Structures are given as C-alpha cells and as structure tokens.
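Chains A and B, in that order, give the protein sequences.
Once you know that position 82 of the first sequence is 82 in this note's numbering, the rest is easy, because the numbers rise by one and skip nothing.
Once you know that position 237 of the second sequence is 237 in this note's numbering, the rest is easy, because the numbers rise by one and skip nothing.
No wet-lab data here; the hints were simulated from the structure.
Computed from a predicted model, the values in this text were never measured in an experiment.
Each hint should be verified, as a subset may be incorrect.
Stated by the list, open to error - Here are the computed lysine-lysine pairs in the DSS-like style, where the Cα-Cα straight-line distance is at most 30 Å:
(1) A:K143 - A:K99
(2) A:K91 - A:K143
(3) A:K66 - B:K143
(4) A:K91 - A:K66
(5) A:K65 - B:K281
(6) A:K99 - A:K140
(7) B:K143 - A:K91
(8) B:K143 - B:K252
(9) A:K99 - A:K66
(10) B:K143 - A:K143
(11) A:K99 - A:K65
(12) A:K65 - A:K91
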Amino acid sequence: MVRPALEQVWDWLGEVPDPEIPVISLTDLGIIRDVAWDDDTLVVTVTPTYSGCPATSVINFEIEKKLRDEGVGQLRLERQLTPPWTTDWIKPQAREALKAYGIAPPIDGTAADGVLAGRISRLSGQSNLAVECPRCGSTKTEKVSQFGSTPCKAAYRCTDCLEPFDYFKCI
Amino acid sequence: MAPSLSDVMTPDAAALAAAQKGEGRAPLKAGSPEHDLFTGLTRLGDNCLILGHRVSEWCGHAPVLEEDIALANMALDLIGQTQLWLGLAGEVEGRGRDADALAFRRDGWDFHNILLVERPNGDFGQTLMRQFLFDAWHAPMLKALEGSSDDRIAAIAQKAGKEVAYHIERSADLVIRLGDGTEESHARMQAALEALWGYAGEAFIADAVDTRLAEAGLMPAPESLRATFDETVNAVFAEAALTRPESDFAHKGGKQGRHSEHMGHLLTDMQWLQRAYPDAKW
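Isolated chain A, as found in the complex (with noise of 0.2 Å):
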C-alpha cells in the first residue's frame, strides 16, 4: 500500500478542529505529539491536556475519522504522558485566533506551581495577571473564578467595557 509522507499527514490533523475550541486545529494546540509508520500502521502519539479533559476522546475520534476519510487504512493511537501537555506548545498562530474568538490567550511563564509560601501575599491581595481583553484590549481585568467553563480556562471580566471572557490559563 502507498504510505503517504509524514509532513501529508501532519497536514491532515492540522485541518482537525478543536472540538472545544473550533477555531484552533489540533496540531495548533500542540497536543500531537508525533506522527511515524510503524510498517504500514500509521501512529499519531496524542497527550491530553488535562487528565480529565472530556474533549480526550472526541479528539481521539476526529483524528481517526480524518485519517480514514484521508485513505489510512490502518492506524494506531497511543498516548503519551510525559512530556505533559503546556500551553506553552500553542502555536503563535492559534493565539491570535484564540483572541479573535474571544478567549485571551494564555500568558507563558505564569503557570501555578503549587509552591504556595511565595503566592500567599498574591492571593490575600487584590493582584491579577495583566490578562487583556480580547474585546476592548484594557487590562483593568479581574479574575471572577480560577475554573472557567473548561478545566484549561479562568473566567475574567472586563472592568472597562464590562465584558466577561475566558482566559486560557497557563499549564
């Protein structure tokens, strides 16, 4: 059987949609980890990107459906824990859109790290991260709740045009 090359297939799963997030693809999302044949079995190496993510499955179907519809005929999935999944694996790309759909993007090097001694000034305080408004672009922006309405986002409101926003939290 013909083999497609590789950089095809990364093709592919870059036209797979988020199904949470439609407007950033898969490979965007940086969650596929790699792609290689194994004789004539196609292997896409997936991480979640949070362990109880309810989109890890309906992820796992889209790329199967794609790579089917694609002429794949056999393929394997396998899941891979570690390196874990950072939202610093977002492409540039996938932020702006991210922006444009109304999520602010996640901010690099402002993940929680469970070390607690040095945030409890921060979290007795009034300080936020300086998240912008993906409507009006200020950054008088307060944080409502650390959970949004997915694991991987925080709700924010805008304090200047009053518009509530998820924000994409840093892992």
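With the hints as your guide, set chain B onto chain A.
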C-alpha cells in the same frame, strides 16, 4: 425459570472478571511488591475518585454559578487523575480490571482513600476546607511522586501536579477570602476547620505498605510531607484569621479499608448504574 430478583440485581462478578483478560489469575499476595504497589496506587486513585465524586455532588447546587462551574471542573480533574492512577493499578494487578472495574465494582472495604475525602459536603465552607486540607497534602505528594523510581508513576504525578497547582491556589484563595470575610463566613470557616481537622492527619501516618513503598523508592514516606503541609496551612490560616486546632489527633483507617458510615451511602450512589447494568454504555 425466570431469574430471581437477586440474580437480576447482583452482577456475577466472577463471570465478569473472567470475561476479561487475566481471567483465572490468582489475586496478588498480600505483602508482595506487586500487592504493595497496587495498594499504593489505589490509595492515590481512590482519594481522587471519592473526592471527585463528592465535589461533583455540588453540580447544580453551588451558591453562585461561577463556583458551580469551578467545582465541576475540579471534580473533572480529579476523576481524570483517577483514571490514570486506577488504570495503572489495574495494569499492575494484571487481572483484567481496568479503572472502571476498580471504581465501580469494588466494595467499601477494598477502597483505600483517607477518611477526609468521604466526609459529606456540609455547607460550602466545609467543602472548601476539605478541599484545601486535601490540596495541601496532594500538591507536595505529587511533587514527591515525580521522583518515583517507577517512570509510570512519575509521569502521572507530573501531569496531575500541574492541575493540582491550580486546585490549591483556588482553595487557599477562597479559604482566605471567606475566613477573613464577614462574621458569618469567618464563623463557618472556623467551624469547618474544627470539624475536619481531625481527618487531616491520616495521610501522614505510615503503615507497613507505605514503609515498603518508600524503601523501594516508589512513593514518599507519608510523614515526610508533613512539614510542607504544616507550612502551607499555617500560612493560609494566618492570612485567613483562622485558628488551627490545638490537637493533631487523627482519625484513621480509610487507607486500610475501614471507612466511616458515609462511605457506603456514597458508593451506593456512585456505583448503582454499573452494578445494575454492568458495562453499560451510551
């Protein structure tokens, strides 16, 4: 002959297990390294599962919409982590039980979660305090597990640790805001602390299984996490204007399968569907 009621209601666990891979394999021998690892992994998985279930009970009932969503998302993280831990436990056991089989077809005495996580939700303050006490142990536990001699454990810990970093940030934040809030919220948080403090210590008490796992470099010695826990809770309580109870007396038994009266009720609710309709799919 029509099946009797008990035949219909009680799945044949032996037949179900035999239908899967690993059929007929003898149970792991207590005290063997495999059994120790299985036990350690179910302790991790069951903590996540039972707390995840408890937190999910808030879905649709939280005081404000944002908190309802936050609680549901935290529960989702915990259930996701459960799948990883119990999935690995089933793999180590090698008797064909996957994460679902372990979650839905074990009885109370085979669950190894600490008693803290099965405490009923109470009011919002008690739910938050339970979460904070758990997170203050969970975060350093995962950090230590990243150094496990078993790569599979380290991988799950690394993944879960990133999520739990946000859990503790949220629970600490809310404990501070409500503890140092109104007279009413302060009183409720202090009452929650006093009601739950006696359940915070179990996670730090080692038994023979913990000791052997620590010696093998698989999991940290439980008591080694106490200093970080104390540092975290003391700092947060100070900001939250809450008084830490004087006695560190700890109720224990959950890790060994001796649970409180609340556990059976929780399992009845959680396991009903899979017990009545094994392998049900939709």
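Cross-check of the supplied hints:
Distance check on the hinted pair: K143 (chain A) and K99 (chain A) sit about 17 Å apart at the alpha-carbon level, within 30 Å; holds. Restraint check: the Cα-Cα separation between K91 (chain A) and K143 (chain A) comes to about 25 Å, which is no more than 30 Å; the hinted pair holds. Of the pairs offered as hints, the one joining K66 (chain A) and K143 (chain B) is violated, with about 38 Å between alpha carbons and a cut-off of 30 Å exceeded. A distance of roughly 21 Å separates the Cα atoms of K91 (chain A) and K66 (chain A); the hinted pair therefore holds under the 30 Å criterion.
Annotation: proposed proximity of K65 (chain A) to K281 (chain B) holds, straight-line Cα distance about 21 Å (limit 30 Å). For the hint pairing K99 (chain A) with K140 (chain A), the CA-to-CA distance comes to about 16 Å; that is within 30 Å, so the pair holds. Proposed proximity of K143 (chain B) and K91 (chain A) is supported: the alpha carbons are some 28 Å apart, at most 30 Å. Straight-line distance between C-alpha atoms of K143 (chain B) and K252 (chain B) comes to about 24 Å, which keeps the hinted pair within the 30 Å bound.
Taken as a hint, the K99 (chain A) and K66 (chain A) pair is honoured in the structure, with Cα atoms around 27 Å apart against an allowance of 30 Å. In summary, the hint linking K143 (chain B) to K143 (chain A) is supported, as the alpha carbons are separated by about 27 Å, within the 30 Å threshold. Restraint check: the Cα-Cα separation between K99 (chain A) and K65 (chain A) comes to about 28 Å, which is no more than 30 Å; the hinted pair holds. Distance restraint check for K65 (chain A) and K91 (chain A): the Cα-Cα separation of roughly 24 Å lies within the 30 Å cut-off, and the hinted pair is therefore satisfied.
In summary, the one numbered hint that this structure violates is 3.
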